[in-house]
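Participant: Going down the list, the sequences are from chains A and Z. Numbered by the working numbering, the letters in the first sequence go through residues 403 to 712 in order. Numbered by the working numbering, the letters in the second sequence go through residues 403 to 712 in order.
The hints are simulated quantities; they were obtained by calculation from the structure and are not laboratory data. Hints are not guaranteed to be accurate.
Identical copies look the same in the list; a pair holds intra-copy or inter-copy alike.
To be verified - Below are the SDA-like pairs computed for lysine to any residue, each with C-alpha atoms no more than 25 Å apart in a straight line:
id: 1; residue 1: K614; residue 2: R436
id: 2; residue 1: K692; residue 2: D649
id: 3; residue 1: K614; residue 2: Q481
id: 4; residue 1: K460; residue 2: G637
id: 5; residue 1: K453; residue 2: G527
id: 6; residue 1: K460; residue 2: E537
id: 7; residue 1: K460; residue 2: D434
id: 8; residue 1: K453; residue 2: S442
id: 9; residue 1: K692; residue 2: L415
id: 10; residue 1: K614; residue 2: R456
id: 11; residue 1: K460; residue 2: A478
id: 12; residue 1: K692; residue 2: V412
id: 13; residue 1: K453; residue 2: I443
id: 14; residue 1: K535; residue 2: I407
id: 15; residue 1: K453; residue 2: H420
It should be emphasised that the depicted structure is a prediction, and the values quoted were computed from it without experimental measurement.
Number of protein chains: 2
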Amino acid sequence: MRPSISRSTVAGLFSVDHSAEAVNSRIGRDADPRLADIMSILVRHLHAAVKEARLTTKEWQTAIQFLTETGQMCTAWRQEFILLSDVLGVSMLVDALDHQRPEGATENTVLGPFHVADAPRYSNGATISLDNKGEPSLIRGRVLDTGGNPIAGACLDVWQCNDDGFYDVQQQDIQPQGNLRGIFESDSEGRFWFRSIKPRHYPIPHDGPVGKLLNLLGRHPYRAAHLHFIISANGYDTAVTHIFVPDCPYLAEDAVFGVKESLVVPFSKVDDAAQAAALGFDGPFWLAEKDFVLAGIGQQPTADIKTICK
Amino acid sequence: MRPSISRSTVAGLFSVDHSAEAVNSRIGRDADPRLADIMSILVRHLHAAVKEARLTTKEWQTAIQFLTETGQMCTAWRQEFILLSDVLGVSMLVDALDHQRPEGATENTVLGPFHVADAPRYSNGATISLDNKGEPSLIRGRVLDTGGNPIAGACLDVWQCNDDGFYDVQQQDIQPQGNLRGIFESDSEGRFWFRSIKPRHYPIPHDGPVGKLLNLLGRHPYRAAHLHFIISANGYDTAVTHIFVPDCPYLAEDAVFGVKESLVVPFSKVDDAAQAAALGFDGPFWLAEKDFVLAGIGQQPTADIKTICK
């Protein structure tokens, strides 16, 4: 005996063939249209992936457990879901889609989890290296608009890991506070210059679920050596970017896919005692030069990243 | 001046057009082939979804926050990621792909989060309703093989919410322990029968991130009224299923897409004092009849669900 349930009820029931449609047809008319769009697209692709993989119940249980542990690993200082997004290339993809810039403007790359809002403010020429480790380097260049004109008073918020591969915020009991981070301002000709150390490669935090996943996939956790920059100026689209060191062994396989050709900058060794002394070095140093080009705000929306420029 | 980085390095760098390929090409040769397959498929579809939606940085941040909160909502008694999988139809999809049964065999549906492994064991005819709430019902039927032969000694693990819409484990201070759950065994003719109450619809837990998402999507959190069954017997594929009540207002729009036409069972009112007395009822009761058909293990792999049948 079959109970009388209506034909329309039966037609609306879930089936493998129309699984995504069954889910998406439930979205109410009052839902925010953008959220409705995003969720419909996501459900359609998620169901397609599950079907293509023919995911088993056991594999699904493993995935649920992985996602749960990833959420539970997050703290004020550790964002494991951003890490997951990073190693799956999603962070770089979103950034690329969201920051398409005019030809010649400096490209963005990942922000990463180690930016802090209250870095020390320095004058040009100062060093951000407070722990006396690593190979000294001078970073210099100009901030320009897309027409090649200097931008005076641009704010350059810079940070990098120390020679042991850790950011100050990861080693609050070991490194001097504010080690290897600082905020500089371009001069009247758009120029900036500061001392630091030659960046080295380091592993992303890999003692959690994302590290385990990388390991199971036969992937290493290393980021190509880089120095972070947020460059902002009134009327211009903020650039969130890096400069990369060309001789880093992980340049071709950065764990978070952050390397762009235009962001790889030559580091040349300067062994000239007079020049070193004039710049505040004790001996030979690395010189890296990079001009940053900002697009006008009319050309693109501003980034969502807050800096503490005046 | 452009640093000399090799052409092969540049060719392997991340780009929007080849974003998924860039990520998947990193998988090592020693990775487990099945994991490599699943992750490659997932990355391909995830990147396609992000591109199709043209996800913004702000929306990505919202998604990261949502996933983090979903993980952090999970406890021993609350699995918010399973809930998310359920409301997005993923749980039903995985189950359907993993449990394709021969024609005539009882279909599976979602397990749900409220099964416990140590329900009370009863003889046929007993009642599982210990809180004196709800409309009395008799559930009866047979356990059969796909040839129509009775299966004696099959184990039926049953559970449902009470008339207030909560399972005993959700109200450990209010409901009697083991209320509305029990384990029965089919007799020599495959028959089972027990007393309970007519199931009613109830909301899935909706005070967390998943409830908020449903609300923003204009979706209600109600499950169509049902009684859970796990039916197992030596040599047969375990069925994890429900019976649904045909007059439930949410039958066509179960929040987790669990309804299948074959699982909707007639509930008929019996108003016969002699019959009621013989079965242990004080007055009129609902009668629901359902035969369960198990596929032989040779026909399909067993389910991953453990029951405590002998």
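Participant: Hints first: check each against the structure and report whether it holds.
Facilitator: Hint-by-hint comparison with the structure:
| no. | hint | verdict |
| --- | --- | --- |
| 1 | K614 / R436 | between (35 Å within a copy, 16 Å between copies) |
| 2 | K692 / D649 | within (16 Å within a copy, 71 Å between copies) |
| 3 | K614 / Q481 | both (15 Å within a copy, 22 Å between copies) |
| 4 | K460 / G637 | between (53 Å within a copy, 21 Å between copies) |
| 5 | K453 / G527 | neither (58 Å within a copy, 42 Å between copies) |
| 6 | K460 / E537 | neither (50 Å within a copy, 38 Å between copies) |
| 7 | K460 / D434 | between (35 Å within a copy, 16 Å between copies) |
| 8 | K453 / S442 | both (17 Å within a copy, 13 Å between copies) |
| 9 | K692 / L415 | between (60 Å within a copy, 20 Å between copies) |
| 10 | K614 / R456 | within (23 Å within a copy, 30 Å between copies) |
| 11 | K460 / A478 | between (32 Å within a copy, 19 Å between copies) |
| 12 | K692 / V412 | between (64 Å within a copy, 19 Å between copies) |
| 13 | K453 / I443 | both (16 Å within a copy, 10 Å between copies) |
| 14 | K535 / I407 | neither (75 Å within a copy, 27 Å between copies) |
| 15 | K453 / H420 | both (11 Å within a copy, 23 Å between copies) |
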